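J.: Protein sequence lines, in the order shown, are assigned to chains X and F.
The working numbering numbers the first residue of the first sequence as 15 and each following residue consecutively.
The working numbering numbers the first residue of the second sequence as 15 and each following residue consecutively.
Do not take every clue at face value.
Chain copies aren't distinguished; within one or between two, either way the pair holds.
[Unchecked claim] Dumping the calculated DSSO-like pairs for lysine-lysine here, alpha-carbon to alpha-carbon at most 27 Å: (1) K135 x K115; (2) K124 x K255; (3) K167 x K135; (4) K124 x K29.
In case anyone wonders, no lab produced these hints; they're calculated from the structure.
This structure is a prediction, so every number in the text was calculated from the model and none was measured.
2 protein chains.
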Amino acid sequence: MEIQFLGTGAGQPSKNRNVSSVALKLLDELNQIWLFDVGEATQHQILNTNIRPRKISKIFISHNHGDHIFGLPGLLSSRSFQGDGGPLTIYGPAGIDQFVKTSLQVSRTKVSYPIKYIILKENGLIYEDDSFQVFTARLDHRIPSYGFRVVEKPRPGELMMDKLAKYNVPNGPLLGKLKAGETITLSDGQVLDGHDFLGKPRPGRIVTIIYDTRPTPSIGELAEDADVLIHESTFNGQDAKMAHRYFHSTCVDAAKVATKHHVHQLFLSHISARYIGQSGRELEKEARRIFKNTRLANDLDSYNIPMKG
Amino acid sequence: MEIQFLGTGAGQPSKNRNVSSVALKLLDELNQIWLFDVGEATQHQILNTNIRPRKISKIFISHNHGDHIFGLPGLLSSRSFQGDGGPLTIYGPAGIDQFVKTSLQVSRTKVSYPIKYIILKENGLIYEDDSFQVFTARLDHRIPSYGFRVVEKPRPGELMMDKLAKYNVPNGPLLGKLKAGETITLSDGQVLDGHDFLGKPRPGRIVTIIYDTRPTPSIGELAEDADVLIHESTFNGQDAKMAHRYFHSTCVDAAKVATKHHVHQLFLSHISARYIGQSGRELEKEARRIFKNTRLANDLDSYNIPMKG
Ligand SMILES: [Zn+2]
Ligand SMILES: [Zn+2]
Chain X
15 MEIQFLGTGA GQPSKNRNVS SVALKLLDEL NQIWLFDVGE ATQHQILNTN
65 IRPRKISKIF ISHNHGDHIF GLPGLLSSRS FQGDGGPLTI YGPAGIDQFV
115 KTSLQVSRTK VSYPIKYIIL KENGLIYEDD SFQVFTARLD HRIPSYGFRV
165 VEKPRPGELM MDKLAKYNVP NGPLLGKLKA GETITLSDGQ VLDGHDFLGK
215 PRPGRIVTII YDTRPTPSIG ELAEDADVLI HESTFNGQDA KMAHRYFHST
265 CVDAAKVATK HHVHQLFLSH ISARYIGQSG RELEKEARRI FKNTRLANDL
315 DSYNIPMKG
Chain F
15 MEIQFLGTGA GQPSKNRNVS SVALKLLDEL NQIWLFDVGE ATQHQILNTN
65 IRPRKISKIF ISHNHGDHIF GLPGLLSSRS FQGDGGPLTI YGPAGIDQFV
115 KTSLQVSRTK VSYPIKYIIL KENGLIYEDD SFQVFTARLD HRIPSYGFRV
165 VEKPRPGELM MDKLAKYNVP NGPLLGKLKA GETITLSDGQ VLDGHDFLGK
215 PRPGRIVTII YDTRPTPSIG ELAEDADVLI HESTFNGQDA KMAHRYFHST
265 CVDAAKVATK HHVHQLFLSH ISARYIGQSG RELEKEARRI FKNTRLANDL
315 DSYNIPMKG
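Make a model of the complete structure from these sequences and hints.
T.: Laid out in C-alpha cells, this is it:
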C-alpha cells in the first residue's frame, strides 16, 4: 500500500507542480491502482513512474473543476491503446460521465474495456470488497466536491504453526479452515478450534484524501484515525481570508484536522503556484508547528504506508 | 514569422515527444500566435517557451482524434485565468464545439473572452485579413481531417525616398498616399504617381500544415510553393502498408509531396513512438534521399521563416 503524487499544484500546471492527481497503489493487496483526480497530463506524469495504466481499476473524482478532470480522456484512451486493461469504474460528481462520454465520442475513441460510472450523491459507503471499503462525504467548495476515506479491513491473524505442530494437521483444506477460524475434526477424532491457533488480527490502514474545500466538519469524519491524510493546502495561514473567499483551505486548517482527528501522517497538496521554492517549504513549517508529522507533497513523491501493529 | 513545435509525436505522449501541436508565431506581422492542433499538455509545453497564451488568437484543429484536441479545455481555461486575452476563434471539424462547450460547462469554467467556432466543411478560403489568407482542404483519414495553407499576402514595395527627394514631398498624408500607390498633386501643381516611386512588392510566405492523412491530391494543392511544409510522417518508408492501413503517411510520402510541389523546407512531424532516437533520424535520412531540405521536427524546435526576395 503506497501512495504516489502525480500532481500537487492548484488551478494551473506550473513548471514545478502539475495539476491534481494521486495514485494509491494496492499492488500487494489487490494488484490494482486507484487514482484520485486526473488533472491534465496525468498520463504524462505516469510515464515517469512504474505505474502501468492497465492496473488502474478505479478512478475517484473529487469535483469537476478542470484542474482535476481534464486528464481523464487522454488517460482512458492511452489505457485502451496499451491493451489488457480490465473494466474500470469512475466515481465522481454528476456531469463527469457526460464529460468523459462526450470526449470519447467526439474523438471517436472506442475504448477496449467497459467503463462504469458511479455518480456521487449521498455521504457514506460507495465501495466495498473483501479487503477494502471506500467512504465519501460532501465537502464545502464552490461546486459539489467530495472527500474520500479508504479503509483497509482488519486482516485475520496468522496461523501459529508452532502451536499447531503437535497435532499433525495435514497440509490442505483443513489448514485453510483453521486459518478462517473454523472448527475441524482430525482423522483421529480430535477437534480443533481455529480461534485457538490464530494470532492477533492486524488492523487495517486508512487513507483519507481531501481535495478542494473550505474547513468543514465532514473532513474530520473522513480523516478520523487515518494513517495518511492528504489534505489540500492551497494557501498559507496568513492568506486564510483568500482561502475562504476561494473556497479553499490553508496549511493551518489541514494541520488542525490532523491533530484533532489523530492522523498519523499528513501530506499537504494542491499548493498554489504563488508558493514556489522556499515559500512552499514555509507551508510545511507552519503546519508542523501545529502537527509535527506534516510533509509537503511534491510531484512524483512516494510514501509506503507501514503496516500497523 | 516563426514556427515552434509543441508536440511532434503520434497517438500517445512519450517521454520524447508530446502529442500534436504547432505554433505559428505572427508577432511582427499581427502580434498574434496561431496554434495548429492542441494535444493534451500543450499548455505544459508552452510553459517551456516564450509564448503567452493571451497572444493565441486562432486555433486550427485538423481532426478530432484525442491526441490532437485533448489539450484544448486546459489551454482555454489557463488563457482565461491569465487574463487579458481577446476573442479567440477555433476552426475545426464538426464536433469540436461540442467537445469544448461540454468540457467548459461540466468544469464550470467561464472563460473571460468570447470563443467563436468556425466549423470546417468545404475546401477553400476560411480566413482573410489585410495580410493573411488561410485555406483548408479535406484530407484522407479515418475521420474527417483537414490540412491548412497559410498565405501571407505580398507586401507592397518600399517607397524609394532617394528618387522622391527632389520633389520635396512634405512628411504626412501625401507620402502615405504615394506609399499606397495613389496619385497625388503637390502644392506647386506637380502630379506624382505612387507606382513610379515604389520598389518591387515582396512576395508573401506560405506555410502548409498537413496532419493525419494518407497520400491524397489535396495535400499537393495546399503545399504548392510552400516556404514551409509540416507534414505528418507517422511511419517510415518500409512501413508503408501499415501507414495505409492506419490512414497515415510515411516520410517518403512527405518528401515526394515536397519535391513535386516545390516546397522550400519540409518538416516531418507526428512521428510514431516506435521510432525513437536513432530510428527517428532514419526517417529524416530516408526523406532526404528524395527531398534534401528535410528536417525531423522535435518538441520545442523553432524555425524562423526567412523573407523572400
Ligand atoms: Zn476546485
Ligand atoms: Zn488521427
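J.: Now look at each hint and say whether the structure bears it out.
T.: Quick rundown of the hints versus the structure:
1. K135 x K115: For K135 and K115, both the intra-copy (20 Å) and inter-copy (24 Å) Cα distances are at most 27 Å.
2. K124 x K255: Classified as between; 23 Å across copies, 46 Å inside a copy.
3. K167 x K135: Classified as within; 24 Å inside a copy, 57 Å across copies.
4. K124 x K29: Between. Shortest inter-copy distance 25 Å satisfies the 27 Å Cα cut-off; intra-copy 33 Å does not.
Every hint, counting from the list given before, is met by this structure.
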